[in-house]
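There are 4 protein chains.
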Amino acid sequence: MLKFGVIGYGYWGPNIVRNLRSLDGCQVVGICDQNPSARKRIEAAHLGIPVYSDYKELVSAPDVDVVAVITPVWTHFDLAKAALENGKHVFVEKPFTSNVAQAEQLINLAEQKDLQLMVDHTFLFTGAVRKIRQLLNEGTLGKLYYYDSTRVNLGLFQHDCNVIWDLAPHDLSIMNHLLEKDAEAIVATGQNHLNGHEDIAFITAYFPDNMIAHINVNWLSPVKVRTTLIGGEKKMLVWNDLEADEKLKIYDKGVDVKNQEGLYNLLVSYRSGDMWSPQVEQVEGLRLELEYFAECINKKQTPFNDGHAGLKVVRMLEAANESLAKRGALVYV
Amino acid sequence: MLKFGVIGYGYWGPNIVRNLRSLDGCQVVGICDQNPSARKRIEAAHLGIPVYSDYKELVSAPDVDVVAVITPVWTHFDLAKAALENGKHVFVEKPFTSNVAQAEQLINLAEQKDLQLMVDHTFLFTGAVRKIRQLLNEGTLGKLYYYDSTRVNLGLFQHDCNVIWDLAPHDLSIMNHLLEKDAEAIVATGQNHLNGHEDIAFITAYFPDNMIAHINVNWLSPVKVRTTLIGGEKKMLVWNDLEADEKLKIYDKGVDVKNQEGLYNLLVSYRSGDMWSPQVEQVEGLRLELEYFAECINKKQTPFNDGHAGLKVVRMLEAANESLAKRGALVYV
Amino acid sequence: MLKFGVIGYGYWGPNIVRNLRSLDGCQVVGICDQNPSARKRIEAAHLGIPVYSDYKELVSAPDVDVVAVITPVWTHFDLAKAALENGKHVFVEKPFTSNVAQAEQLINLAEQKDLQLMVDHTFLFTGAVRKIRQLLNEGTLGKLYYYDSTRVNLGLFQHDCNVIWDLAPHDLSIMNHLLEKDAEAIVATGQNHLNGHEDIAFITAYFPDNMIAHINVNWLSPVKVRTTLIGGEKKMLVWNDLEADEKLKIYDKGVDVKNQEGLYNLLVSYRSGDMWSPQVEQVEGLRLELEYFAECINKKQTPFNDGHAGLKVVRMLEAANESLAKRGALVYV
Amino acid sequence: MLKFGVIGYGYWGPNIVRNLRSLDGCQVVGICDQNPSARKRIEAAHLGIPVYSDYKELVSAPDVDVVAVITPVWTHFDLAKAALENGKHVFVEKPFTSNVAQAEQLINLAEQKDLQLMVDHTFLFTGAVRKIRQLLNEGTLGKLYYYDSTRVNLGLFQHDCNVIWDLAPHDLSIMNHLLEKDAEAIVATGQNHLNGHEDIAFITAYFPDNMIAHINVNWLSPVKVRTTLIGGEKKMLVWNDLEADEKLKIYDKGVDVKNQEGLYNLLVSYRSGDMWSPQVEQVEGLRLELEYFAECINKKQTPFNDGHAGLKVVRMLEAANESLAKRGALVYV
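Protein chains in written order, with my numbering: chain A, 1418 to 1750; chain B, 1418 to 1750; chain C, 1418 to 1750; chain D, 1418 to 1750.
What the hints contain is simulated information worked out from the structure, not anything from laboratory work.
Hints may be right or wrong, so weigh each one.
Treat identical chains as interchangeable: a pair holds within one or across any two.
To be verified - Mimicking DSS-like on lysine-lysine, the simulated pairs with C-alpha atoms at most 27 Å apart in a straight line are: (1) K1666 to K1641; (2) K1457 to K1716; (3) K1498 to K1716; (4) K1651 to K1641; (5) K1717 to K1651; (6) K1560 to K1641; (7) K1457 to K1420; (8) K1651 to K1666; (9) K1457 to K1743; (10) K1717 to K1498; (11) K1560 to K1743; (12) K1716 to K1530; (13) K1420 to K1473; (14) K1548 to K1641; (15) K1743 to K1598; (16) K1641 to K1530; (17) K1651 to K1548; (18) K1548 to K1666; (19) K1530 to K1473; (20) K1641 to K1473; (21) K1457 to K1530; (22) K1666 to K1743.
All of these numbers come straight from a predicted model, not from anything done at the bench.
Start from the sequences and build out the full structure, keeping to the hints where you can.
Encoded structure:
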């Protein structure tokens, strides 16, 4: 039986607790929040589970095996560090840390202490992303041309970061998980209008072999959009995460290039064809993710969404912020 | 009665001829195309109208008052110049010219000769753009925050230009028409996969007062998208040009910022409210545009989509291409 | 403090319990289910609340003020009757009873005992229906022409009733609530394919003054549809309950009829105009309904969705079944 | 070379003429319309083609081989009869005639004179219907359960018939073409609100083997809908004719029925699975239809959409009207 302590009971924390409580082999033995009203909500919903106001008590409690850090990003480093130092495995909300140095330090600490560290890239466990990964692994799309994601809404403003740090970690972690290669350089542009942080931003990531990725994030959109296009040599894919039943559509459409002899020019012709929408497993990604983390801890196995995966995202976020500040300057990752 | 000669009878030329033939006060007195099969199509569809294979004959024909140049962009300069030199008014397909120098030369020539020069920015005459302009002029949206357009499809590849020169002139001409201010600088990224020209590209344009614009163009998308978001302080607008009946939606949604006394921080709160979809006039933009050009010629009045409007778009396209080549470097317009 | 006993913890029962537990002034003091696995789920989720296997014990428990009957329709009469006879107020799942005679008996019993009886027509408490009712009351649509609802999906088959008794009670209760007049006669057609009960059916209800209503229900549709059109003399409304944000759309479109002098015929001309999507309150209808029931009991006030409202729906269901059996024969309600 | 005379140049006639003029082996040698403004439009668009005001002259013109009757339904009989009597093949707009007797008379006359008679059921020649027919012929859907079509819009009111005669011929001709069996009986309900003819109506058609069809037609809908659901034992199909690219979707979803031994009841379980959208040929149905008619005439071959196909639709329309007048009474076809 793995015993979890959860720090942070704001928007996402309750989902962590609910899932952990329903998983066989897991138990929640403490929940911590600085905020008195959050503690009231914990008590109402989770009668019998000890409630903490000081995280130090939770991370040092002897009956805790794993600490879940579900707090604002600028607190991740201190909380995760304290937990690791107390010999606890750590599950930490995305983005992993505020900067690359912090991420590297946590990774080293976990390795020294032989503890598991998982970054909460929940999307990787959804039916849609698992199905896309399967299709890419099977070569269904052929050589990839581009990855283009739009993630916009009239969202909750974060007061401690810009829209890139708030929304793009989803896309970056998904891209890193799906694509075999790493981005080489990043260009980001954007603008702030309200509270000093960019509320709209556009990221381009250059990959080897002419692959290009683009991410459009916006806190000021009147409509919610969660759409990703992936173009490949053989087929093209549209993932609309807001669709209830047909999240993924794979198109037989494409283009063929022929070298026309003697004319020194290329002919591009179009293929059109059927569309196919594979059934996507309807599971709660977070539940699968926590189950997988418990399994990794029990089997002493490194999860694929470990500290290194989290670091890679933070590295790209730092590059994007640097490019943003220089209005589109190319920043190598 | 204004007498038109039309050069170019490929994809768009037939629409020009059809509209001119049905306009009171306009007449088509000659159509020219180098391509024998195009000339056959002209003869079949427009019995009785003289057909030319050599544009020089058409632009020097004494009964021609106006020449419409509906040919690939790299031919615009020579054809328009010849027409102006022969004392003909000129209607020229977008983008105006291949570069800024050509555009400036044509503008000067037209002014010297006291001839009208119109660039075919058809979208400015559609019901949707005219309604958006009216809403912006009335201040319905308040101070503008951003303009974000997606124009993607599995399109006809152009062999003489990249996707920016093919698709972005629509967005740039619309933006220039709708926004009161000019873009200050441009960042563009993109990639080519098939024929040496970029087939996917992303443009950011920085405007004064923190306004930002973004254009996503792509020849390799399996789905067709024609969507523009315009965010303002008071309201936000979504224009989906593929919708048959509800092309425009205006949202009461928005954000309010309050300076919280003593705390040195900003509170951003959300407004949500009704959505409203104004009826958009169902007219063929091209017909209105040609009618307006005839009126401008008759009244010796400069059209708003004149050579200067065309030049502004070419200047932005040049800047975008320069930034693209430097992988996102900021280029001042 | 009103003390509730809940009978039935299948699909819908857990929502009743969850809402009651979070309402001020309400308390759940017992939950009953015949099914051992349901009782296990109750114990896991509601530690500390007494669990019953025999409804007789619950309806006679002295600390119970109100009984909620959330069981299959053929059990409603016996359970509600037992509760009323024990002096308990009753909240009963829709459809109210299996036939008109049962409904009348329960209404009489409740009146004799001075107890409140509410039928769970949850939809009447949703933001969408409340907004439609407001618009109709304000005369926004003018004289009504028709009400046309489609409620289809690949749904859970009920084993004890046909698709009309399963899905149409929603539409019938909404119609009765929204429209000022009662249906005069009903025509129903349909077909069974799998288990002897109709799985697809179509109901027409004739109302006074040429109003007509139509309901399309289907358990065998591959796609889920929840759309209602309401046509009026002044405006027309579309309610798509599956839309996240724009559930209601009101169209200025319509037709005008003019008597053309001397020609003895009618000219019908079309109006087209703006569309408007009012914001709809995002609340859980069931929560509002239970709150309202508690208030009705405390204030000794008859709810609008009382036994008579439930009876009216049952009367229409009986008429529909009778017409269905006679393949479309007109049945007066 | 087949020489066509076309009677009627209102809404649909111009499409007939345009297509005939572009078909090899066909020629339009005369166009007739009583209306002077229609004749003006003919002259403007079809310079050189003789224009008639009196149909008698056209149907007796010696150079005419085929007469196309594109006029209101109540004129079809007289015009088609006159054409046949003059030895012309006849193409007649749907619905074929105003009643069954007229249809039978025309069929007999054509047979006596050995002339071809085609009823313009254009939809049968569209890519969508041809693909659906192919799928049904291949048994892709399995045994059919139901056919449910919605065809509503704010349409042009017909002054000489109700909404059933205006819109349902499309659905009836498609159903008759797709389904192997004939409808046995019809139930129709509806209501008139404006000009004395029903503007909203619902038709149920009972077929052998528990197949059921339903058609919802409405001239007073604020939104346009053209959606047909076809449910089968193996798969289910949705045809949305307003979709540009994905008109057909075939769902692997379905239900399985098992007889549970000893329990005397049926278990219905759900299958869910992939969705597949086959590419639909993008052709103008009318062009294919006219080409096919020319081929039938030349090969002396009876078209599948002949007078008998037209009669079958008229018979169903008559049955629907009779049921409508009796408010849903079952009428055998």
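Now the hints, each set against the structure:
In this assembly of identical chains, the alpha carbons of K1666 and K1641 lie at most 27 Å apart whether taken from the same copy (19 Å) or from different copies (14 Å). For the homomeric pair K1457 and K1716, neither the shortest alpha-carbon distance inside one copy (36 Å) nor that between copies (31 Å) is at most 27 Å. In this assembly of identical chains, the alpha carbons of K1498 and K1716 lie at most 27 Å apart only when taken from the same copy (23 Å versus 57 Å across copies). Taking the closest pair of Cα atoms, K1651 and K1641 come within 27 Å of each other only across two copies (18 Å); inside a single copy the shortest separation is 30 Å, beyond that limit.
In this homomeric assembly, K1717 and K1651 never come within 27 Å of each other (Cα to Cα): the closest approach is 39 Å inside a single copy and 47 Å across copies. Proximity of K1560 and K1641 under a CA criterion of 27 Å is satisfied inter-copy only: 22 Å between copies versus 30 Å inside one chain copy. With identical chains, the CA atoms of K1457 and K1420 are at most 27 Å apart both within one copy (22 Å) and between copies (24 Å). Proximity of K1651 and K1666 under a CA criterion of 27 Å is satisfied in both settings, with 14 Å inside one chain copy and 22 Å between copies.
For a Cα distance limit of 27 Å, the shortest separation of K1457 from K1743 qualifies neither inside one copy, at 45 Å, nor across copies, at 56 Å. When the C-alpha separation of K1717 and K1498 is checked against a cutoff of 27 Å, the pair qualifies only within one copy, where the shortest distance is 20 Å, while the shortest distance between copies is 60 Å. In the homo-oligomer, the alpha carbons of K1560 and K1743 lie at most 27 Å apart only across protomers (25 Å), although the nearest pairing inside one protomer, at 32 Å, exceeds that limit. With identical chains, the CA atoms of K1716 and K1530 are at most 27 Å apart within one copy only, with a shortest distance of 16 Å there and 65 Å across copies.
For the identical chains of this complex, K1420 and K1473 are intra-copy neighbours only, at 17 Å inside a copy versus 42 Å across copies, given an alpha-carbon limit of 27 Å. For a Cα distance limit of 27 Å, the shortest separation of K1548 from K1641 qualifies both inside one copy, at 23 Å, and across copies, at 23 Å. For the identical chains of this complex, K1743 and K1598 are neighbours both inside a copy (26 Å) and across copies (22 Å), given an alpha-carbon limit of 27 Å. In the homo-oligomer, the alpha carbons of K1641 and K1530 never lie at most 27 Å apart, since the shortest distance is 43 Å inside one protomer and 52 Å across protomers.
For the homomeric pair K1651 and K1548, the shortest alpha-carbon distances inside one copy (17 Å) and between copies (25 Å) are both at most 27 Å. Within a single copy, K1548 and K1666 get their C-alpha atoms as close as 11 Å, and across copies as close as 20 Å, so both meet the 27 Å cut-off. Taking the shortest Cα distances, K1530 and K1473 sit within 27 Å of each other inside one copy (19 Å), while across copies they are farther apart (60 Å). Taking the shortest alpha-carbon separations for K1641 and K1473, neither the intra-copy value of 39 Å nor the inter-copy value of 50 Å comes in at or below 27 Å.
Taking the shortest alpha-carbon separations for K1457 and K1530, neither the intra-copy value of 35 Å nor the inter-copy value of 41 Å comes in at or below 27 Å. Neither within a single protomer nor between protomers do K1666 and K1743 lie at most 27 Å apart by alpha-carbon distance, with minima of 37 Å and 35 Å respectively.
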